[in-house]
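As numbered in the working numbering, residues 126 to 635 make up the sequence shown, in order.
Please keep in mind that the hints were generated in silico from the structure rather than gathered at the bench. Watch out, some of these pointers could steer you wrong.
[Stated by the list, open to error] Only pairs whose alpha carbons sit at most 20 Å apart, straight line, appear in this in silico SDA-like list of lysine to any residue: (1) K190 <-> G210; (2) K376 <-> N386; (3) K523 <-> I578; (4) K429 <-> Y400; (5) K614 <-> K603; (6) K263 <-> L420; (7) K263 <-> N582; (8) K190 <-> K491; (9) K395 <-> F370; (10) K286 <-> G321; (11) K157 <-> N418; (12) K491 <-> H506; (13) K376 <-> S352; (14) K159 <-> P200; (15) K180 <-> A197; (16) K309 <-> E337; (17) K531 <-> L420; (18) K236 <-> W258; (19) K236 <-> K374; (20) K462 <-> K332; (21) K332 <-> L379; (22) K167 <-> L153; (23) K531 <-> N230; (24) K630 <-> N460; (25) K603 <-> A197; (26) K263 <-> P425; (27) K263 <-> D409; (28) K462 <-> L635; (29) K603 <-> Y295; (30) K491 <-> N473; (31) K554 <-> G186; (32) K236 <-> G210; (33) K531 <-> Y295; (34) K159 <-> N460.
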Amino acid sequence: MLTELFYTVILLIGVLFYLTFLRPLYKLLMLKIKHGKEILIKFEPIIGIHAYLKKSEKIHGDPMKLLKLEMAKNPKLKAVACSLGFGVLITSVDPDMNKSFLIDNYQKSVKLAPIFNYKILKNGIIFSEGEQWKKQRKMISDSFHFDSLKSRFQVIAQVTKETIDSLSKYVGKDYFPLFDEMMKHSGEIGIRVFFGPDFGDHQIDGKNISEELKEIVDQTIVYSYTSIFFQLKRIFLGDELAMKFLTAKEKKLLSRSDRINQIAMEQIEKKIKYYEGQPSVQSDYLIDVLVRNYLTKQDPNLTKEQICQQCITMFIAALDNTGCIIAWIIFCLANYKEEGDKVRQEINSVFPTQETLDNIQFDDLKNLNYTSAFIDECFRHYTSSMGVFLRRVVEPFKSGNFEIQKGDIIQSLWHPTQFNPDWFENPDKFDVNRFLNGKEKQGNSYAFTPFSIGPRNCIGKQMSLVEVKVSLIYFVKKFNCIRNSVPLKTTASIVYKPVDQNLIKISFCL
126 MLTELFYTVI
136 LLIGVLFYLT
146 FLRPLYKLLM
156 LKIKHGKEIL
166 IKFEPIIGIH
176 AYLKKSEKIH
186 GDPMKLLKLE
196 MAKNPKLKAV
206 ACSLGFGVLI
216 TSVDPDMNKS
226 FLIDNYQKSV
236 KLAPIFNYKI
246 LKNGIIFSEG
256 EQWKKQRKMI
266 SDSFHFDSLK
276 SRFQVIAQVT
286 KETIDSLSKY
296 VGKDYFPLFD
306 EMMKHSGEIG
316 IRVFFGPDFG
326 DHQIDGKNIS
336 EELKEIVDQT
346 IVYSYTSIFF
356 QLKRIFLGDE
366 LAMKFLTAKE
376 KKLLSRSDRI
386 NQIAMEQIEK
396 KIKYYEGQPS
406 VQSDYLIDVL
416 VRNYLTKQDP
426 NLTKEQICQQ
436 CITMFIAALD
446 NTGCIIAWII
456 FCLANYKEEG
466 DKVRQEINSV
476 FPTQETLDNI
486 QFDDLKNLNY
496 TSAFIDECFR
506 HYTSSMGVFL
516 RRVVEPFKSG
526 NFEIQKGDII
536 QSLWHPTQFN
546 PDWFENPDKF
556 DVNRFLNGKE
566 KQGNSYAFTP
576 FSIGPRNCIG
586 KQMSLVEVKV
596 SLIYFVKKFN
606 CIRNSVPLKT
616 TASIVYKPVD
626 QNLIKISFCL
């Protein structure tokens, strides 16, 4: 009996070794033999490219640096392949392959749920697929229409003014948590735009709801990509079954998420009662748009839970991604002084007095030509969203010379492409002229894609750009900023951001 058990254990270990080591390694070798210099092979068992990015972060202080160096050495590189679980992850670092993955063949793959606790988002637009996604995209797009953006412009301007004024407490101080402040700022805008002003009044354990949600998301992402136990559960049990066997840490994260859901659902119930009594009232808040669709049965399959997760999804995108973008651009203002001074000159020419600033209008943003180019070059160097979520291929397809097989995992990363010398001359140089007058000086329109591409590109792109420009305007009119001596080291969780965010000092404008 013991002998049989012993051999059974040995057999299981052998099968596991084959599935996680030998089979992926064989496929990686075949890819290298076939594609040569067009593909970079990295054998990182179980957690895949994340281990490679962490290695880059440890060596260079930048999770993207090793890939940028590979791109500089070999501009013809199209993909990075590494082991992931029982299979292979193919990461595109080429604009044409990105187009193939995200436009030409996007229907031949489905988004994975790579993070623990994704149930808080799973019915939102990020993880939905097929007809459900199409309906959600159409429904939500009304909230990001040009006219809707113009109508909420003064809300964005007012929140921004309040935030920038609040930064006065850091003048003359040695510590300025730039990224935390800008994420809170963007979160406050998200609350007022998506949920309405009342939602932000809720407190959880002494923190406002945006701070709590930010902590949950950050801790969830870090746990998902660093926990070998969680990755092994997903490999052997699948996403749904893995959630049946929870550790104490996982249960705590779920409990905190449930409290967010509960508060959001209470807000939705209030909105439903309100609109049942006043069906003719109109509002541009996302929650109101969705509740009206729910009550009028425009989408008979729309549930209150989906409304909740949709609003939370958009709020998280605003909180982390847009907030991080704003912080990076303010950092660049200090880090690249010559270019930053030109931004100041242009903003001061468009808003020469306090009165012109107080009367800021949506159409004023069109007059910031150099500032827009500066923002694009900031995006190229410090794109906060490093790429797209992993996708599992459900139907094989060809991408150039690459045959993408059913079951393969694919993704696209932006940073390596945006540092390819074939598309951007002298890519390490911060050069605003690349984008001046709206002309990107590269030969491929898919080489610069900070908001992704294809049908599933960032629906909030225009709103994000409005927030960025308005924040930069108010900051420049209020403060001067200089780079301090803290070295820039970056990390990657849900966004690309610095390890130590205390990177600049601010003083009042004279």
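So, going through the hints one by one against the coordinates:
A C-alpha spacing of about 24 Å is found between K190 and G210, which places the hinted pair above 20 Å, so the restraint is violated. Taking the CA atoms of K376 and N386, the gap is near 15 Å; set against the 20 Å cutoff, the hint holds. Pair hint K523 plus I578 holds up; C-alpha atoms about 19 Å apart against a cutoff of 20 Å. Proximity of K429 to Y400 is assessed by CA-CA distance (about 14 Å); at most 20 Å being required, the pair is judged to hold.
The suggested pairing of K614 with K603 is violated, with an alpha-carbon distance near 28 Å, which exceeds 20 Å. Under the criterion of a C-alpha separation no larger than 20 Å, the hint pairing K263 with L420 is consistent with the structure, at around 17 Å. Straight-line distance between C-alpha atoms of K263 and N582 comes to about 13 Å, which keeps the hinted pair within the 20 Å bound. For the suggested pair K190 and K491, the alpha carbons sit about 35 Å apart, so the restraint of at most 20 Å is broken.
With a C-alpha separation of about 35 Å, the suggested pair K395 and F370 falls outside the 20 Å cut-off, and the hint is violated. For a cut-off of 20 Å, the pair hint linking K286 to G321 stands: about 18 Å separates their Cα positions. Between K157 and N418 the alpha-carbon distance is near 51 Å, which puts this suggested pair outside the 20 Å criterion. Using a Cα cut-off of 20 Å, the hinted pair K491 and H506 is violated, with the two alpha carbons roughly 23 Å apart.
Between K376 and S352 the alpha-carbon distance is near 15 Å, which keeps this suggested pair within the 20 Å criterion. With a CA separation close to 18 Å, the supplied pair K159 and P200 stays within the 20 Å bound. Of the pairs offered as hints, the one joining K180 and A197 holds, with about 18 Å between alpha carbons and a cut-off of 20 Å not exceeded. A distance of roughly 11 Å separates the Cα atoms of K309 and E337; the hinted pair therefore holds under the 20 Å criterion.
Distance check on the hinted pair: K531 and L420 sit about 40 Å apart at the alpha-carbon level, beyond 20 Å; violated. Pair hint K236 plus W258 holds up; C-alpha atoms about 12 Å apart against a cutoff of 20 Å. The suggested pairing of K236 with K374 is violated, with an alpha-carbon distance near 25 Å, which exceeds 20 Å. For a cut-off of 20 Å, the pair hint linking K462 to K332 is broken: about 36 Å separates their Cα positions.
The suggested pairing of K332 with L379 holds, with an alpha-carbon distance near 18 Å, which does not exceed 20 Å. Note on K167 and L153: the hinted pairing holds, with a Cα-Cα distance of about 8 Å set against a maximum of 20 Å. Distance hint between K531 and N230 is fulfilled; the C-alpha atoms sit about 12 Å from each other, no more than 20 Å. Taking the CA atoms of K630 and N460, the gap is near 11 Å; set against the 20 Å cutoff, the hint holds.
For the given pair, K603 sits about 39 Å from A197 by alpha-carbon distance, which is inconsistent with the 20 Å threshold. Proposed proximity of K263 and P425 is supported: the alpha carbons are some 14 Å apart, at most 20 Å. Distance hint between K263 and D409 is fulfilled; the C-alpha atoms sit about 15 Å from each other, no more than 20 Å. Restraint check for K462 and L635: the C-alpha separation of about 18 Å stays at or below 20 Å, so the hint holds.
Annotation: proposed proximity of K603 to Y295 holds, straight-line Cα distance about 12 Å (limit 20 Å). Between K491 and N473, the direct Cα distance comes to roughly 14 Å. Compliance with the 20 Å bound is thereby established for this hinted pair. For the proposed pair K554 and G186, the alpha carbon gap of about 18 Å is at most 20 Å, so the pair holds. Between K236 and G210 the CA atoms are separated by roughly 16 Å; this keeps the pair inside 20 Å, and the hint holds.
Proposed proximity of K531 and Y295 is contradicted: the alpha carbons are some 53 Å apart, above 20 Å. Between the alpha carbons of K159 and N460 the distance comes to roughly 43 Å, so the proposed pair goes past 20 Å and is violated.
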